[in-house]
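A.B. asks: For reference, the chains in residue letters:
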Amino acid sequence: MLLSAGNLRFGYPGGRDRIIDRVSLDIAAGDIVGILGPNGSGKTTLLRLLAGALMPQAGTIALDGQELARVPRRELATRIAVVPQETSLAFDYTALEIVLMGRYPHLGAFEIEGPDDLAAAMRALNATGTDRLGDRGFRTLSGGEKQRVVIASALAQLDRSAESGAAGSLLLLDEPTASLDLRYQFEVAAVLRRLHDSSNITIILSTHDLRFAASLCTRIVLLSAGQILAQGSPADVLTPALVGRLFEVAPELAAPILASAHRP
Amino acid sequence: MTLPLRRGLPAVAMCFLAMIAAILAAPFIGSTTIHFGRVFSTAVPFADNIDAQIFFIARLPRALAAALVGGTLAAAGVIFQGLLRNPLATPYTLGVSTGSALGAMLAITFGASLPFVGITSASLAGSLLAVLIVYFLARARHAGLSTTVLLLAGVTLNAFFSALILFVEYLSDFAQTFRAIRWLMGNLDVVGYSSILGALPFVVFAFAVFAWLARPLNLLSLGADAAGTRGVNVRSVHRWAFFSASIATGAAVAVGGPIGFVGIIVPHLVRLVVGSDHRLVLPGSAFLGAGFLVACDALARIVLAPLELPVGVITAIIGGPFFLWMLIRKR
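Top to bottom, those sequences are chains A and B. If you use this note's numbering, the first sequence corresponds to residues 448 to 711, in order. If you use this note's numbering, the second sequence corresponds to residues 776 to 1106, in order.
Hints are all accurate, no fakes.
If you want the footprint, here are the derived chain A segments under chain B, 3+ residues with CB under 8 Å:
id, region
1, 494-504
2, 525-533
3, 547-558
Below, a sample of chain A positions facing chain B; criterion: calculated Cβ distance under 10 Å:
id, residue
4, Ala537
5, Leu543
6, Gly561
7, Leu565
8, Ala601
9, Gln604
Some chain A residues close to chain B (C-beta under 7 Å, calculated; not the full set):
id, residue
10, Arg520
11, Arg521
12, Leu536
13, Phe538
14, Asp539
15, Tyr540
16, Glu544
If you are wondering where the hints come from, they were derived from the structure by calculation, not from laboratory data. Glycine is no exception: its CB is placed at the ideal position from the N, C-alpha and C atoms.
Just need the whole structure built from these sequences, with the hints factored in.
C.D. replies: Written out as structure tokens, the structure reads:
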């Protein structure tokens, strides 16, 4: 298993509730895993735990069998990259500068980006179709363009060499389309699918969009109030009964939405 | 495609040249005219060479002090801005300069017997105290400090420390009060080489840390979480940034008093030219900040010549409206 989580438990200090409760999850290389659930079900927290950005209060997470907490910070950053739901900058950088920031874990403390880093950044810009945006200020970009530039930054971060690229690494995306117009949702979905097909990168994304999850993911995890309701292939999991329970609606109401989601 | 970093280098070099030009030109400006030829003339012994004495004893140390203070305050401003993710954060607006001034005031008033080192360390202690307050404020609201909270915290800290400064003044005698008030206005009048040398080790230390912080601060601009998942040790960067910027502020205030607005005007102008990469903004701001304060001090010496204005008055007259303009433009 590339990434496996066993019996995870997490609650924010001072908070009453367990946000993540007894979650076990195995992610194989090449999967596109969709964590599906209503708002507040713990999707973002689960992603942050899987990325090593939060420490679970109980349970284990292992990357290639090695406990996540034991992997050095920089090394971990070259294996797991995170794309947040939205990125707002304190200062304006160009798209290329943002992508080059992904090279941070590959450089020493006072080292400056070299030709290899620039090449990795260009590969990432190409892979996300943002190569013409390199010199544009990030703040001047549309929502979809911003999201693709941040994905490019994550790819540059995972890019270990021109040959191996980002293979064997994980891209985690938190609600990648939630704040985007429909057109940009399709753009981002297309970029992710292309990435997966060309580089065999493993993708974990959280979403509450059934249609998006059904069209993209090879595996679906249903998360409800911090617990896993069901997991498996989209066909097995996206049933009216389960989805109805997940979003607390009657199965009759869930059925038509699912019907449209399953349509190619 | 070239690295974006390279494209900013000529602008940083220009800032450096501006600083050198200001330091060389400023000593020739003042109420008494001195001549270049006579200053460096070897025909007259130094003891009889009035021009050389004015240049080397009065004006050159003053220009160097202005450069040191200006460069340090501007660089500390860049660090605070990157750290708090807010272009309006500066040692002055955060209340750190005033905290530092309170420390120095206590040393001036109650520690008359202490040598200069006493003022420096008291000033460092004051800025560290103020920064600790800001640090815990920022941590208590882990989302980072919004402009509103930041400005309110700064106003509150400034008012608090100013009240304590007034209290200290109330307890001191007339001569001390006069000296203290001149100093509080931001004044490079009385500094000699010794005060520069006293502050230098702290400034050098702070700049060494700044150099390391430049790249992590770029990533912090994306947010603490995003920086963390890219391999930045966010907590350690936060701590070192707060610590080094307060050391820098304390050292600068010990030399020149709480001179305001340098840390906000200069980094903003530099960003307009080089973009936001801290590896360019930081050296650019240090150089331009040095040149800027040297120029302001030269201006302070000639507007009402032969009277000399405290340089803090000049920077405030330029910086106040500039700050308001930035505040209006931001929203």
